[in-house]
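Please work from the sequences and hints to get the whole structure.
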Amino acid sequence: LSSSDLGLSNNTVIKNVFDAKNVEDKLQAMDNIITILNKSDDSGLALQGFQDSITEYIFNSIKPVGQKGKKVLNLKGTTDFINNNMELLTKAYGDDGAKMWKEFSDTLVAIEPALVSGNVGKLNVFAKNNLFISSIGRITGAKAGAMQQMLCYLVKQK
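Residue numbering for the sequence shown follows our numbering, starting at 1 and increasing by one per position.
Keep in mind the hints are simulated off the structure, nothing from the lab.
We put the beta carbon where it would ideally sit given N, CA and C, even for glycine.
Hints are not guaranteed to be accurate.
[As the list claims (entries may be wrong)] Beta-carbon label-pair distances, calculated as ranges:
id : residue 1 : residue 2 : range
1  : T35       : K70       : 44 to 54 Å
2  : S9        : S117      : 33 to 43 Å
3  : N38       : S117      : 14 to 24 Å
4  : L45       : D96       : 13 to 23 Å
Below, the structure is given as structure tokens:
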């Protein structure tokens, strides 16, 4: 049996941890995962891979929704997820990583009105924040633009 046969992929583990109802269970599970990853790999690559999977999980939580007659990205769901899971993110990424997720969440809050209005290019938030956060904001904006183009294409095909 492989780890995927047992449901032990990073995505399955991450989903189970974040979806657990009891906060203490979530925190204990994250502690256990971090301990196992750190014990089994001195290079830190196992933990980094797990962190990358959490990042992908969070980015994949950004879904399109209808708002004010437009299809836009649901950034509120992602910011709520980040804010509601700061303790877990701190355990997984450390204090500096948790600060980065908080900045990312704040940036999403700042760009959401611009996404709805379609005026992403003139946001001051890109100039004020560090390069990483600026890049994330631009990637999120590009994702919104690509999604809108795909929706227009699909509508024309019908």
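Against the structure, the hints come out as follows:
| no. | hint | in the structure |
| --- | --- | --- |
| 1 | T35 with K70: 44 to 54 Å | holds, 45 Å |
| 2 | S9 with S117: 33 to 43 Å | holds, 39 Å |
| 3 | N38 with S117: 14 to 24 Å | violated, 45 Å |
| 4 | L45 with D96: 13 to 23 Å | holds, 19 Å |
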